[in-house]
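Peer 1: Using the sequences plus the hints, can you model the full thing?
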Amino acid sequence: NAGVTQTPKFQVLKTGQSMTLQCAQDMNHNSMYWYRQDPGMGLRLIYYSASEGTTDKGEVPNGYNVSRLNKREFSLRLESAAPSQTSVYFCASLMNTEAFFGQGTRLTVV
Amino acid sequence: GEDVEQSLFLSVREGDSSVINCTYTDSSSTYLYWYKQEPGAGLQLLTYIFSNMDMKQDQRLTVLLNKKDKHLSLRIADTQTGDSAIYFCAEKTQAGTALIFGKGTTLSVSS
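In order, the protein sequence lines correspond to chains Y and C. The first sequence runs contiguously to residue 110 in this note's numbering. The second sequence runs contiguously to residue 111 in this note's numbering.
In case anyone wonders, no lab produced these hints; they're calculated from the structure. All of these numbers come straight from a predicted model, not from anything done at the bench. For each residue, glycine too, the CB sits at the ideal point set by N, CA and C. Mixed in with the good hints, there may be bad ones.
Quick look at which bits of chain C chain Y covers, simulated, 3 or more residues with Cβ under 8 angstroms [said to hold, decoys possible]:
{"id": "1", "segment": "39-52"}
{"id": "2", "segment": "100-111"}
Pairwise CB distance ranges (calculated) [what the hints assert, rightly or not]:
{"id": "3", "chain 1": "C", "residue 1": "69", "chain 2": "Y", "residue 2": "5", "range": "37 to 45 angstroms"}
{"id": "4", "chain 1": "Y", "residue 1": "18", "chain 2": "C", "residue 2": "44", "range": "41 to 49 angstroms"}
{"id": "5", "chain 1": "Y", "residue 1": "62", "chain 2": "C", "residue 2": "28", "range": "21 to 29 angstroms"}
{"id": "6", "chain 1": "Y", "residue 1": "54", "chain 2": "C", "residue 2": "77", "range": "39 to 47 angstroms"}
{"id": "7", "chain 1": "Y", "residue 1": "77", "chain 2": "C", "residue 2": "14", "range": "41 to 49 angstroms"}
{"id": "8", "chain 1": "C", "residue 1": "30", "chain 2": "Y", "residue 2": "62", "range": "25 to 33 angstroms"}
{"id": "9", "chain 1": "Y", "residue 1": "20", "chain 2": "C", "residue 2": "69", "range": "41 to 49 angstroms"}
{"id": "10", "chain 1": "C", "residue 1": "38", "chain 2": "Y", "residue 2": "98", "range": "14 to 22 angstroms"}
{"id": "11", "chain 1": "Y", "residue 1": "28", "chain 2": "C", "residue 2": "67", "range": "26 to 34 angstroms"}
{"id": "12", "chain 1": "C", "residue 1": "30", "chain 2": "Y", "residue 2": "28", "range": "38 to 46 angstroms"}
{"id": "13", "chain 1": "C", "residue 1": "50", "chain 2": "Y", "residue 2": "22", "range": "27 to 35 angstroms"}
{"id": "14", "chain 1": "C", "residue 1": "80", "chain 2": "Y", "residue 2": "7", "range": "32 to 40 angstroms"}
Peer 2: Right under this line is the structure:
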């Protein structure tokens, strides 16, 4: 039972490049989330998916897109990376009371 | 609107008790959580409390909830150097489908 798995763990992008962050959970949870963590800002919600086939914007969605491919997988795409998107990205899944987090992706945009 | 506030830093000596405080604004919060994040790691769920409870104890951890004042606290008894981390308070509201986090409290434990 791996829980929530994120790939990659580290990534450096040049401004304007695109990439997709992958997230998969094996706990059969309905809800999945993408957060970004910046120093002094806590965790801010980018997008979430309450169930397979649905996605909604969170607090800071600009510059991102998401896909809930199936119940297990929820990906986050940066179409044209900007230095302001340098951050640590966390994927999480939630069932009822408990949320479980992946180990994070540290993204640097230069 | 939804907002969760925490103090940013707390420094204690090993063996003392630590108390980390949190306030939230949404009275419809159903669950309130404490997460721990060690350097370079993800978030680890420490404990949570349902909004109709006043207190929850789990080994060295005690959570107190004052729903009237919308105040949540986490007490760590006999604090150890391994407890040094960032602690996040989070709420799950009745209307929302996501957890709303505070900015985190950095706990520093000196020996």
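Peer 1: Which of the numbered hints are not met once you compare them with the structure shown?
Peer 2: Failing hints, ascending: 4 and 12.
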